[in-house]
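Chains as they are written, first to last, in the working numbering: chain A, 1 to 211; chain B, 1001 to 1203; chain C, 2001 to 2200; chain D, 3001 to 3178.
Read the hints as simulated data drawn from the structure, not as lab findings.
The C-beta atom is built at its ideal place from N, Cα and C for all residues, glycine as well.
A few of these clues could be false.
[What the hints assert, rightly or not] Where chain C lies over chain D, by a calculated footprint (3+ residues, C-beta under 8 Å):
hint : segment
1    : 3022-3033
2    : 3154-3160
[Unchecked claim] Simulated pairs of lysine-lysine, DSS-like, Cα-Cα distance not exceeding 27 Å:
hint : chain 1 : residue 1 : chain 2 : residue 2
3    : B       : 1102      : C       : 2080
4    : B       : 1124      : A       : 31
5    : B       : 1124      : B       : 1105
6    : A       : 155       : A       : 107
7    : C       : 2189      : D       : 3175
8    : B       : 1129      : A       : 38
Spelled out from the first residue to the last, the chains are:
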Amino acid sequence: MHIHELNPWRTLIALSAFVVLLIVGFLTMHKPLLTYEKSMSESVAALEDSDAYFYPWQLEDVIGNKAGNIVLFDIRDNFVFGQGHIPGAENMSANNLTREENIERLKALRDNGTTVVLYGEDELHANGPWMLFRQVGFSNVKLLLGGYRYYFEHKDDLAATKNDDSYKKGIARFNYAEMAAPEDGTGVKHVAKQPVQVERRQKSNVAAGGC
Amino acid sequence: MNRNYIILTLIMLILAFGTLFLKMDDELDQVDPEILLQEIIQPTRYVTTDQVAKMIIKGDPSLMLIDVRNEEDFQNYSLPRSVNIPLDSLLNPENLSYLGIKGTKVVFVSDDDIKADQMWVLTKRLGYKGTYVMKGGLNCWMQTIIEPQQPSGDASYADQETYSFRKGAQMYFTGASAESSDDAKVEVQVQRREKSSVAAGGC
Amino acid sequence: MGPLIPNGIIGDGWDFVIAILIGIAFGFILEAAGFSSSRNLAGVFYGYNFVVLRVFFTALIVAMVGIMYFDYLGWLDLSKIFILPTYLGPMIVGGVIMGFGFILGGYCPGTSFTGVAIGKLDALFFTIGLYVGIFGFSLAFPLFENFYNSGSLGNVTLTDVTGIPASYFALAFTVVALAAFWGTMFIEKRVRKNMKQYKF
Amino acid sequence: MNVNNTIDNQPKYINPYLGGVLLGLLILATVYITGRGLGASGAIKSAVVTTSNTIAPAATKSNNYMGKFVSDDHSPMYTWLVFESLGVLLGGLLSGMLFGRVKKFRTDRGPQITNRKRLFWALIGGALFGIGSQFGRGCTSGAALSGTSTFALGGVIVMFSIFGTGYIIAYFFRKLWI
């Protein structure tokens, strides 16, 4: 009779307890309300997708009720919304975006093919929520360029904004190099920059220790 | 008796095989979408051009400026000590190593604030902390720091103070000669928490 | 959720209390499994007692597989656990030296502590030897400081180096370990039959 | 079969696989709670640094190796691994008492060598293990077991080189054990 021939029923119990623990883990696993549908690299690429934006002049159709299945969501808070908003817009203020019913609402709108246009005070305001919704698979969510402020300034002649690009982002409005050039006449330097020496992160070991 | 060993072997094998079917994120670690959304709706990530200018002037070692424009624009003009990470090459591991250093404040800069904000959302999804967006971007930088507008005579004291700081900063960043020596004092108490002055020339 | 202490769920103050509790469990398991006897430990190299192999590899595969599941279930954040840094040359040399130490001394550090606890003189001498060895190492450190720091690959995992997902390693280790368990069971039977005397 | 090995004489060790499963779960729990694995040789290192620091503080601080572990605000003994190793001693004692293995001092040895020889080789083996564990950044429990179970490359290297060497040289030292 050797050690290894002893009946391993306790081992079986210990291992089974472990298996039960894992099964309980699987059963109680938190099912998230939202999951990323786009990977990081897809999300980066998706920012170039012009289909994800909604132009101010397109609002005319929405306001005039000519375009079906487009819903405007105003993410500013309720009070500001009450003071003025794009006609036909619904209020879904940013603080409530994480509410389950709002997420469900978006899911329902996606499923029946309705386009959702998000807007905030300016474009920046709605940019974050818009990006997140696109990343979690709401491909029907679009961002209103220029935001409410631009709409408000041009609401009388939205069609004219077709030729206006003052609301567009990612454009240098000034010639930086010239503007910031020293005024003593040394002019604009076009010297290739030396890479800046900055600290980089090592692969982190969070809890140091071991033997 | 050996039957129990067979059962044990089988359990272990099944467990080990099971790991193959676990959907592991090969990707970098990511923040839960819900938590990310909650962070996104907080406006705490924005810093003003004045704050950035102060930090640069003071030489704050914890500041790291990351320029998210493309390389050509970056070569043409960039803020001092900034690092170029074009938005579309963020996921390059070499670029990611700039982020997530303990104790640094990373400020994203672009032409305006949209691209920087998009960068912020993407890096936040990857779980990096201590990242900020320079509100208004370089366009605002030009308007406020490089060519500050003098407030009208009856403007509040705070506005006058902001203006005098900006004139000093302008001199620092461009080498412009100061119009009057009084205005040119560069105010460098960076960390001071300030009440936001309304007329401080927002972009 | 986990790891609890790095994530701040359990305060740092509990660190040492937990250390003692974990140590007690560790010592208990080692001793109860028979690791307090150098005869048992050395047996793995001579084929008369494979208790080291069994305990070691069972622990290894349970922990490996468990970590995979814990990660999947969201209980453990793998990016926050300590990954042993790799120093290629020094680690191979260190392992070889430790291999000699294992055969000659019949213990490894953790097991020698449990041996001391139940009154094994050879375990006590082994522990004194450990102390002497590390002292000598520290004094002579300048001689091989360069070598000690050479071959650093950083805190890399098998997946980082090979690109193969961790679950394949877990499976491979499990299959090999299970095969070894069955194989050694027969080896042990044969070797023991030929042994004249075997006392614990 | 040999005479000594009757059932009464069998040491009451637990089934090795039970020990393994429990140890595996302990590693899991340790990683889950503390984010790192088990260890043992680190405690001896702390002891070395502490004594050296008491005897010759200046020399210790200037020593490139030990100097790293000296800090002004607490003793080098005040580390996680020292407490864990204290626990190992306690746990071993507990188990030994439970299974009736705590007896007067005695020596385990192979049948062909004397006690004195065995103790001599234990000392040498310990010294080698001490040196090796510093090069290997950990011993069997710290590097090989905890390291490998967290899929660290270093752990696997240490594990294979310890056991590989063991098997290669086992033949030459067989007198010690069989």
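Next item on the list: Hint by hint, work out which the structure violates, then give me just those numbers in ascending order.
Entry: Result: hint 6 breaks, nothing else.
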